[in-house]
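With chain A held as given, fit chains B, C and D onto it using these hints.
Protein chains: 4
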Amino acid sequence: MPGGEATAYGYFGPVGTFTHQALLTLDPPAPADPVPYATVGQALQAVRDGEVAAALVPIENSVEGGVTATLDNLAYGDPLVITGEVLLPVQFGLYARPGTSLADVRLVTTHPHAEAQCRRWLADHLPEAEVVVGGSTAAAAAEVAHEGSRFDAAICAAVAGDLYGLEALASGIADNPDAVTRFVLVSRPVPVGQPTGADKTTLVLFMRENHPGALLEILEQFASRGVDLCRIESRPTRRTLGDYCFSIDAEGHVGDARLAEAMMGLYRTCAEVVFLGSYPRADHLAPDVRPGTANDDYAAASSWLERLRG
Amino acid sequence: MPGGEATAYGYFGPVGTFTHQALLTLDPPAPADPVPYATVGQALQAVRDGEVAAALVPIENSVEGGVTATLDNLAYGDPLVITGEVLLPVQFGLYARPGTSLADVRLVTTHPHAEAQCRRWLADHLPEAEVVVGGSTAAAAAEVAHEGSRFDAAICAAVAGDLYGLEALASGIADNPDAVTRFVLVSRPVPVGQPTGADKTTLVLFMRENHPGALLEILEQFASRGVDLCRIESRPTRRTLGDYCFSIDAEGHVGDARLAEAMMGLYRTCAEVVFLGSYPRADHLAPDVRPGTANDDYAAASSWLERLRG
Amino acid sequence: MPGGEATAYGYFGPVGTFTHQALLTLDPPAPADPVPYATVGQALQAVRDGEVAAALVPIENSVEGGVTATLDNLAYGDPLVITGEVLLPVQFGLYARPGTSLADVRLVTTHPHAEAQCRRWLADHLPEAEVVVGGSTAAAAAEVAHEGSRFDAAICAAVAGDLYGLEALASGIADNPDAVTRFVLVSRPVPVGQPTGADKTTLVLFMRENHPGALLEILEQFASRGVDLCRIESRPTRRTLGDYCFSIDAEGHVGDARLAEAMMGLYRTCAEVVFLGSYPRADHLAPDVRPGTANDDYAAASSWLERLRG
Amino acid sequence: MPGGEATAYGYFGPVGTFTHQALLTLDPPAPADPVPYATVGQALQAVRDGEVAAALVPIENSVEGGVTATLDNLAYGDPLVITGEVLLPVQFGLYARPGTSLADVRLVTTHPHAEAQCRRWLADHLPEAEVVVGGSTAAAAAEVAHEGSRFDAAICAAVAGDLYGLEALASGIADNPDAVTRFVLVSRPVPVGQPTGADKTTLVLFMRENHPGALLEILEQFASRGVDLCRIESRPTRRTLGDYCFSIDAEGHVGDARLAEAMMGLYRTCAEVVFLGSYPRADHLAPDVRPGTANDDYAAASSWLERLRG
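Protein sequences appear in the order of chains A, B, C and D.
Residue numbering for the first sequence follows the UniProt record's numbering, beginning at 1 and increasing consecutively.
Residue numbering for the second sequence follows the UniProt record's numbering, beginning at 1 and increasing consecutively.
Residue numbering for the third sequence follows the UniProt record's numbering, beginning at 1 and increasing consecutively.
Residue numbering for the fourth sequence follows the UniProt record's numbering, beginning at 1 and increasing consecutively.
Pulled out of the complex, with its shape left as it was, chain A reads as follows (with noise of 0.2 Å):
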């Protein structure tokens, strides 16, 4: 890194990604001269070593659900953490070179997420065709506009058909109309930012033993906080078939006390919790606290505690 730290972001591309599309609505905006790597995971290990001060990579789909490249290189890579998020509505068209015909259409590549997510259109449209799957639906836009490319069309975004010189087909192919995609801006280890009320934390939960009840009390040291879940998932620890690990969303910041009191439950309980951040919510959306979990509650019942130890 001569000249000094890193300022620009690292994404998931090329140019044309639906990552680069989320990338142009963070908030603050990114800085200048994005970087983009081929790979979830060479985005992110280009975080790791000072090469970007961040990256943006996608972590769910609302179809094909985790990012488990994503999932996996933040559980067991080094520590990173997340410091944002952005949900973007995912729309897929079929694109050719120009001069291509639908019915001229035998070989498809595109990333495998896209496929999963337009099966459906493909069995009822091109049920004669092949699919190949690559690295991302901007990389297939970019091998198709290739002159001597055996590709006869990409499944991708319009913004990549068009960024490639590629002409649409067929416009909003997904099997569901409603399909969003969440990303997660990730950076080095850095300081929590301040709760903004609507607030998010990702943590990954390794039990001690995989004994059967394990889930159930990790869902109780939030269930008896009052803490919400929006997302869980169980992940292979990689060592045998049926032990897992579970990556979590969690309601709430690491500064409120009914999730810090949940998340040092976690932590006497379980072999490791992973704390990969507190951030603010892309939706907004204020958790439900109930009666008695608010941080007034914790701090008066802390209060009162001390008196009686007197």
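Here are some chain B residues the structure puts well away from chain C; computed CB gaps all over 10 Å:
| # | residue |
| --- | --- |
| 1 | VAL15 |
| 2 | THR25 |
| 3 | VAL35 |
| 4 | ALA103 |
| 5 | HIS125 |
| 6 | SER171 |
| 7 | THR196 |
| 8 | GLY255 |
| 9 | GLU272 |
| 10 | SER302 |
Covered by chain B, per the in silico footprint, the following chain C stretches (three or more residues, Cβ under 8 Å):
| # | stretch |
| --- | --- |
| 11 | 60-68 |
| 12 | 231-241 |
Hints are computed from structural coordinates only; laboratory data are not their basis.
Glycine is no exception: its CB is placed at the ideal position from the N, C-alpha and C atoms.
Just chains B, C and D now, with coordinates in the frame of chain A:
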């Protein structure tokens, strides 16, 4: 209190009650000249009024259950705290004025708990006799000792029979020979003692609403922190039928982090938590401290959280 | 029982007790010529012996709590079942032989529950008087009515005062004017009645082991099936201190699928479940049937499972 | 289907996939002439269409987690059931056309799960190479075997490398040498087989409302009946972000009373329960049957209740 602070102890008397016997086993020993009171209520009021420094009263019997006069007085009266407990095996005999034979016994007097504990013996040996219940077993012995008493015999402890000059017509007459009564030493609010590693904490819990799951929620506040209970008793709140509070003995000391967290949880969710003291257990049984619930575990979790909050 | 099966009802007497008053409100009415018994135990034994067809006894008071003589007799004695309940507001007065004035009263007699409920009034109005507790409020009135009685006054119901020719020195003397006592009609085991839609079921539950989480497990058997409890009371099992059983009233009828499943769950996990009957609630309150817990829901689930098992 | 019901099995092919290897280990053996399909979706559709009697597809990998194509197809497609499972250790090698050396490898192809499992090896040994993911490891080997293929090497099983005439450039290249994949044998709905004493049941559960405690309630339905889970995975319901269903493997057989009761509880409280079959466990592990949860315990409880109901 002319002449300074009272130092003597009161007890549920008169001389010769089981409470009196229990008082003699206190460790450290009770100050000289203990003061008998005819009812539990009078003994506790004397503590509140500063007539005595503390009072010993029965709270629970292994056959008859809770002593409601004690439970309710502690729960509803002006604040008092328990600073110690005593366990005493209780053995009953039938005592009469010299010259009385078992065949002469028509009218027996004793305390209601004693009557309840000797019912089978009475049915077998004195099926025709009537039993009138009075204030205490020792008072019953004293009553029988009066020359002109209409009572022929008293059910009481050997100590009381001897003390009042009676003779034993039968001994070991309790239906359950292993009955034990538990007594508590009560004083005006004082700074809580140091944890001994084998302590008990007494609480009375009032619900915000008397909804059906309320007791379940209370128990979960303890269970989720690994705190075991040694006694739980519902008591009517004296408002409407079906409206209860719960008198509870929990293992551990208010100085133990896991119990402190449970108590703060109760404070936040209950309408009222009455703290009746943390004190050494008479049986010296140390609690089962589950993994992750020791004071060190709490301290480590707290440090971890402070680091996260940066 | 010469001449056939007993049809009369017994009750906790004598004439003039609150139980007697409650008996007069039974619907359908009690058969003619009810039989008073001096103690709860004698009334219940008369049922077992076939002397009476059923007996009415007090089980719970909104101020004093459970009537332990009744609870323990039903839990530990030969099988009996509850077939109905009555609620009765209880009002106390101070009654004396004609010619006695309040200033003359030195020695008062009554039932222990009545004494407990009028303590404040006694402290305020008769601070010097002694109170001797006896078998029932009506027996106390009868005792005072004796010309040569050493007692100056009885605390009892107006009905009892009138019946025994006494005059009221004071009325409405209970510390809590809204106290209610609940009575149960008990018979030898009979086929359980039809559900009315507003029923109650009484059970006594003994743990396999007295481990700390045992009560939590019991409560979860009910909660997980959406069954609410209206009463729960711990009672010592008469073995060692800290060894309890639980006397419980659950909402609903053994004919309700959700309660039946909860009861079978308890049967499988408890050392013993004593079924004391399903009977109409005196307050006619229908239970809150949560979604998925009605009999139809259970029937639909059962049909579904049968189809799966094919 | 000329000539009658299909008897052959389909599988996720082509020849040489891990699924194909797993198929060869089936006990009892698969019928002759298994039919390869290029995708999981095609294999399962062939079962629905009656082209094959059953199909073997991967469902879970100890490193990469659930196979979402399989999970979602079973959850959302027309009804199918699992009748058996196979576990297979997965070992990867790098295979190329004869004459290729490691230094020549620029472009590698394989299945996405294989790419994910060999990432570290690739980074260490082929940092410059690109990886294009395709439909299966065997298809990748077949692709590389084409004389004019633009791919230099495939990551696949030794079986596939041999089958397609490739040579190993490296073997044992998985980052985790102990990775295991689990496959399920799927057929159209058939009567469920007899319990073997070591069975597994697969369910998909949709919530009525996606409230935060919904997962806790599901887990309690199992836990309260002593049923352990061996796998739980959240999957988006494809409606909105944060709306999940849960794919679950529970220990036991629908013929086991405890699991049957849990399933009926889920049926009553969930919006939908998809039953995907009860079948013998590949590891032959018998469940831990807790006291009171065996079939005999359920039968005894049911008899008791019938007696109470008279």
